[in-house]
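Colleague: From first to last, the protein sequence lines are chains A and B.
Start counting the first sequence at 1; every next residue gets the next number (full-length UniProt numbering).
Start counting the second sequence at 1; every next residue gets the next number (full-length UniProt numbering).
There could be a bad hint or two in this list.
[Said to hold, decoys possible] So the derived list for chain B, only partly shown, Cβ under 8 Å to chain A, looks like this:
hint: 1; residue: E245
hint: 2; residue: Q396
hint: 3; residue: F399
hint: 4; residue: F413
[Said to hold, decoys possible] When the alpha-carbon atoms are kept at most 25 Å apart in a straight line, the in silico DSS-like pairs for lysine-lysine are as follows:
hint: 5; chain 1: B; residue 1: K250; chain 2: A; residue 2: K250
hint: 6; chain 1: A; residue 1: K212; chain 2: B; residue 2: K212
hint: 7; chain 1: A; residue 1: K212; chain 2: B; residue 2: K384
hint: 8; chain 1: B; residue 1: K352; chain 2: A; residue 2: K212
hint: 9; chain 1: B; residue 1: K352; chain 2: A; residue 2: K352
hint: 10; chain 1: A; residue 1: K430; chain 2: A; residue 2: K384
hint: 11; chain 1: B; residue 1: K352; chain 2: A; residue 2: K250
hint: 12; chain 1: B; residue 1: K250; chain 2: A; residue 2: K237
hint: 13; chain 1: A; residue 1: K250; chain 2: B; residue 2: K212
hint: 14; chain 1: A; residue 1: K237; chain 2: B; residue 2: K212
[Said to hold, decoys possible] Label pairs and their in silico Cβ distance ranges:
hint: 15; chain 1: B; residue 1: T121; chain 2: A; residue 2: N540; range: 22 to 30 Å
hint: 16; chain 1: A; residue 1: K169; chain 2: B; residue 2: T504; range: 49 to 57 Å
hint: 17; chain 1: B; residue 1: P241; chain 2: A; residue 2: K294; range: 53 to 61 Å
hint: 18; chain 1: B; residue 1: G67; chain 2: A; residue 2: E438; range: 53 to 61 Å
For the record, the hints were derived by calculation from the structure and aren't laboratory data.
Ideal placement from N, C-alpha and C gives every residue a C-beta, glycine not left out.
Protein chains: 2
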Amino acid sequence: MPLRSLKRINFCLGILPVVIGAQLSQASNGVDHANLFIGTGYHGHTFPAATLPYGAVAPGPDCSVMGWHAASGYHYDKPTIMGFSQTHLSGTGLIELGDFMLMPTVGQIQLEPGKEEQPETGYRSRFSHDDETANPGYYQVRLTDYDINVELTATTRVALHRYTYPEGKQRQVVMDMEHHIGVPNSVKHAYLRVHDPYTVTGYRITDTWWAKSRFIYFCLKFSEPMTGHNIHDRIRKLDYPNIPEQASSKMVAVFQFAENSDKPLLAKISVSPVSMRNARENLETELPHWDFEKIRQAAGEEWAAELGKIEASGPDRELEIFYSALYHTMIHPDISEDVNGEYRGIDKEIHKAEGYTNHTVFSLWDTFRAVHPLFTIIQQERTKDFIASMLAHQSQSAFNMLPSWSMHHNENFCMIGYHAVPVIVDAWHKGLVDAPDEVVLKAVLETTTQPGAPRLKFRNYPQWYGQQHYLRLGYFPDELTPAGTSITLEHAYDDWTVSLMAETMGNVKVAKEYQSRGQNYRNVWDSKTGFFRGKLENGNFFEPFSPRAYHREDHNDREFTEGNAWQYLFFVPHDVYGLIDLIGGPEEFSRKLDTLFTLPPNDDGTAVGDVSGLIGDYAHGNEPCHHVAYLYNYVGQPWKAQERIHDIANRFYHPTPEGLIGNEDAGQMSAWYVMSAMGFYPVNPCGGIYVIGSPLLPGFTINLENGKQFEITANGLSEQNIYIQSVRLNGNPLKNVWITHDSIMNGGSLEFEMGPEPSNWGAGSDLVPFASGKI
Amino acid sequence: MPLRSLKRINFCLGILPVVIGAQLSQASNGVDHANLFIGTGYHGHTFPAATLPYGAVAPGPDCSVMGWHAASGYHYDKPTIMGFSQTHLSGTGLIELGDFMLMPTVGQIQLEPGKEEQPETGYRSRFSHDDETANPGYYQVRLTDYDINVELTATTRVALHRYTYPEGKQRQVVMDMEHHIGVPNSVKHAYLRVHDPYTVTGYRITDTWWAKSRFIYFCLKFSEPMTGHNIHDRIRKLDYPNIPEQASSKMVAVFQFAENSDKPLLAKISVSPVSMRNARENLETELPHWDFEKIRQAAGEEWAAELGKIEASGPDRELEIFYSALYHTMIHPDISEDVNGEYRGIDKEIHKAEGYTNHTVFSLWDTFRAVHPLFTIIQQERTKDFIASMLAHQSQSAFNMLPSWSMHHNENFCMIGYHAVPVIVDAWHKGLVDAPDEVVLKAVLETTTQPGAPRLKFRNYPQWYGQQHYLRLGYFPDELTPAGTSITLEHAYDDWTVSLMAETMGNVKVAKEYQSRGQNYRNVWDSKTGFFRGKLENGNFFEPFSPRAYHREDHNDREFTEGNAWQYLFFVPHDVYGLIDLIGGPEEFSRKLDTLFTLPPNDDGTAVGDVSGLIGDYAHGNEPCHHVAYLYNYVGQPWKAQERIHDIANRFYHPTPEGLIGNEDAGQMSAWYVMSAMGFYPVNPCGGIYVIGSPLLPGFTINLENGKQFEITANGLSEQNIYIQSVRLNGNPLKNVWITHDSIMNGGSLEFEMGPEPSNWGAGSDLVPFASGKI
């Protein structure tokens, strides 16, 4: 067997200089620049799978299925491939999917999956990154143990596999129905039926913490007839040669093909959340032929159109980072309906999506921050679908709640907050909600008034949020609700967004009530220490308090989820000015920000999980800090924001597998980059105000869906010239540190003059709208 | 706690005298005479559950779930009740169902099910047969440990429970989603959703050898609001108080109700094979109110109408046996579709039954013999549904085969033969098939020409039938197909029935081919020993041979399934005259029959499983011998048949829990009695010829669906007067030992004169039609 030839890519956390001006690509082709391996190393959790934008399938290699590094199935450091499953999560903290894995093999194989570091076991194969390609909509790898070249492409619901076998070998394809990314024994039931020598259908039902009752169906067709097949049941330890149907939770099938063929063997496999019949219809509708190149080309063109929504110019290296980031914002939320419009609702019933396309995989604690605001600019039509999907979810939910973390007709309540609310309110304000106002308001109010939504702790016992306490006390008592302080902060924000919508609707009563709820963050403020802290039901703060402490055990033992008091200090995006007052005024606020970024290494507990990407205690690897660098704008020091933004980008975004400093998180790590690169960021993700940062690339054209264009230019941008000297919006000087959503959507230009030294630009800005707790 | 008070009923295998003439009930009420406890002891496997004729639900007590005695969930000898599940099998060898068990309790309980003989464990309760009632459509028992009176009734798809709790106790209802009758861990996945304080829905997916991928859904409504609930996950060892939804394969819910109420608590629970939504529609359509008595009365009336199809007169004891038997022929095949016509097909897809009502639970190796022929007389409309269900099954089958043993959208191929074929051909000949001839013929031909249908051995490995060998050699080679000799005999019979249909259709080619195949029984005949024997592929018989030997290991190790060479010697129902020749003529044939019934106790291995009810080696507890006593008619000795039939009835049918000598087998043990009691039996179950036996009761009126009546009278019948002296059909002397189906369906009378001594009646009969291997 060929020796393992794994190209190691060095992982560098230090500052890599930005070489601007060199290799400027004009009218860049996003597809060529997207590097799908970015984020596949370290804890990025991205994948190199072949998928269409927001596609239901993402066929790609699975190297690993257990442990956190396996969240997407692929990890750049892994030496072997188990096979190519059809569904994957991109960048999530959740470890899930990996449905219906196919693996082409030759010769004698073991029907157990084998071990990662023992490629001679199971049916795994070694592979080399030297013979591996991933482009948007296309993946290729050579399986060195079998000398089989594997190529993958996809339509929305159908994965297309092309296997080029070595000559003179008995060809076979393994289908592992037990294979699943995540904890063992997640597959509770599976069924397979071989209809004829070309066609197989089946389904499986999985139960994990992330999707407790998940149904997924497939239809598989081969380009050549099988000569035979075997279904092996790992529970009963039995082989069922050529049996036409079988069921078991631990089942693996081997499909055999004739030894000699001058053509590659193709397999197309569709999925459906509804039925095998629908899966077959999906396959026959989307992919009735066997023209691999045609599908590959169509996939490339669809990606080119999507990535072309933002034409960036700049050095290749930065374009690679930028387009990879933009690409990563277009994986989730996935389409979750069949070509006939049927989907499985969160109530587990079959529904028909009328007038919209149903989607799933909403990781809203992450994506409400920048992903969905970005979507309101470049994915307006899809935003309508996303909102309609969320509203359908709420109407079907056992909890009467909008999605928190929705996953294939399941809600897992992973993470905190009800952040679908700001997403919907923001989209509604931007005219991107196709539902009557009263329907939207009802969904939002029901979500924010549930007496007790479940909070699944990581240690796998259910814990009721205690929203009833929040409604009663205005905060989550520390002893009653794990992570209660962070939930108080986040609910206060979400509640404020309800007041924004109600005010616009003219519902004064609701507006007033929720504006008041928006101030609940103050209930956990400790003026003595100057931090948000855990407050007990009796009104006392929980002691002891250490602002840098993490609580490792399960992220959620005490005040904050996935963070410490420093990291959550700045989470009042709707009332930054109120927070500035609380902290002691602009100067103290600025000092606090400076301190955050300059704290010495933390001795008070180690950061947990995704709390990585540290600059001081600023943690870019996780979401709560993502808006923080921009806050200098609120105290007249935009230049400090500009400096920090470039620092963060330089430290934590690289065109390498390890080029993301934490979970990509269904687009949020990337959306931070995409928006920051263009020079602005939605500090308050609801309401359509974008705060100016400092562009990372010299030029962008946003090709809006309304046919207009918005041009962004950063004149003089270089490694040194990171400071804004002046800004012109549509040719007129912009004195404010923010622009509105409308100013983008109307088309026009935003022109930055960059220089090597901080300037006074923006110091005299008007207050940022929607940042004073009021409307 | 009250002491266990279990009324023991003595089990007597000896001959109980038939006291005829005493307590004659005229115009009998079948409902009052049906004793639902008959067959609940010994290995009868019947149940006392409340069900409608062929209903989808049969709510009843589950005492036991493991072991063969637990097939129906209930066994008369068991001291405790675990709860009341909604679905049960009646009389089968299969051990299955028991879905969605509810158990009312008070006080502290353990959430594990507890042990049968340790009633203080789990949530079980002791009960007394003294405080237990079962009538068609109604069941009642007092749970002595809780002092709760439980009553059950049902519509077709909805079970209605009424619980009368003791005063001053916290009332609760346990719902055990893991509970399943059969092997442990059969429930692979389950889901529960509490919609509001009244309403719960859910589903589960089970995988057993009898139904490898079975989906069942429910909707449950209570008459009072819950005050709270808890869902306990036995896997995660966690309680989820008041959680609105949960999924797990081992889940138990406890629903709590207020302490004091002067009214009983009612629970109605529907099932659906399709969805929770359909289950809810079933419930709302069939049972929109809470009037228990109304439903109970309606159920009684429906049973009265069904049982009234045969009005029997005679002594109470015999009426009890007769109506209990008639009742037991009306449990399966169950309705398997929702009120909207949707059902889950054998292909696991959702279908809509157009123009018929879909049914499942076809135990055809048993029921082709007498149950389906009986149905062609008294269930003509339903026979059309049954055949349509079978044809739908075939069109959806992964094996292209008609049902063998179909079980809730699954085929388990338990037992041998393709006996749906004679059932369909018989019904077709009787005008009871609503499908084009070519569709029927295609389904039959596809079934009988499959190269290899699976034969699941009891030891749980798949074994291919080897039909390809049968097609090639005309028999199943002993070394290639377990039970091959019995399969050869049964396929030969089934094949002959195809020739019957083809001949009538004018398809000479097929008729000829299958008439020839009908002679395949000769291929396993050993003229030297005078038995059917295991024949090897090379044409030699397997040695050693012992005609009384059983092969215990799994019933199927050698020549015969569930039998020995004596018991299978007479299975050539379509060519009895050919068999008589083979055996050596009428006298030798009669001698062989005599020997069968008089063999001394068998030292050559013990009969296995259901091979019980022995008279010599005649085994009435299992099906292969059921027609054998009637064969004396073919050799001019009807009186011997008459004697044997009364002997069998007297020995093996009693109005006691132990009153069935083997598995009731989805109606077959009972159908033998019902038809024999009326004086005739379908020795060849296909073609509409019924061979005269000897009536067991003095009078019957068959109220035919066509509005006509057929009267049967046995004048002078008594304990001694069991011999037919003469017979008149419609007033004319009947010299033949058989009557036709048409003679019944045209209405009329059959009058027997009975006497204490054998007579010559029938000795001069014409040959029995359809008994010479030809058409």
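Colleague: The structure should be examined with respect to each hint, and the outcome stated for every one.
Modeller: Right, here's what the structure says about each hint:
1. E245: holds (4 Å)
2. Q396: violated (10 Å)
3. F399: holds (6 Å)
4. F413: violated (11 Å)
5. B:K250 x A:K250: The hint holds at about 18 Å.
6. A:K212 x B:K212: holds (21 Å)
7. A:K212 x B:K384: violated (42 Å)
8. B:K352 x A:K212: violated (29 Å)
9. B:K352 x A:K352: With a Cα-Cα distance of about 18 Å, the restraint between B:K352 and A:K352 holds, given a limit of 25 Å.
10. A:K430 x A:K384: Between A:K430 and A:K384 the Cα gap is close to 11 Å, so the pair holds against 25 Å.
11. B:K352 x A:K250: With Cα atoms ~32 Å apart, B:K352 and A:K250 exceed 25 Å; violated.
12. B:K250 x A:K237: Holds, at roughly 24 Å.
13. A:K250 x B:K212: holds (13 Å)
14. A:K237 x B:K212: Measuring from Cα to Cα gives roughly 16 Å; hence the hint holds.
15. B:T121 x A:N540: 22 to 30 Å: Hint violated: Cβ distance 47 Å, outside 22 to 30 Å.
16. A:K169 x B:T504: 49 to 57 Å: About 55 Å separates the Cβ atoms of A:K169 and B:T504, which means 49 to 57 Å holds.
17. B:P241 x A:K294: 53 to 61 Å: holds (56 Å)
18. B:G67 x A:E438: 53 to 61 Å: holds (59 Å)
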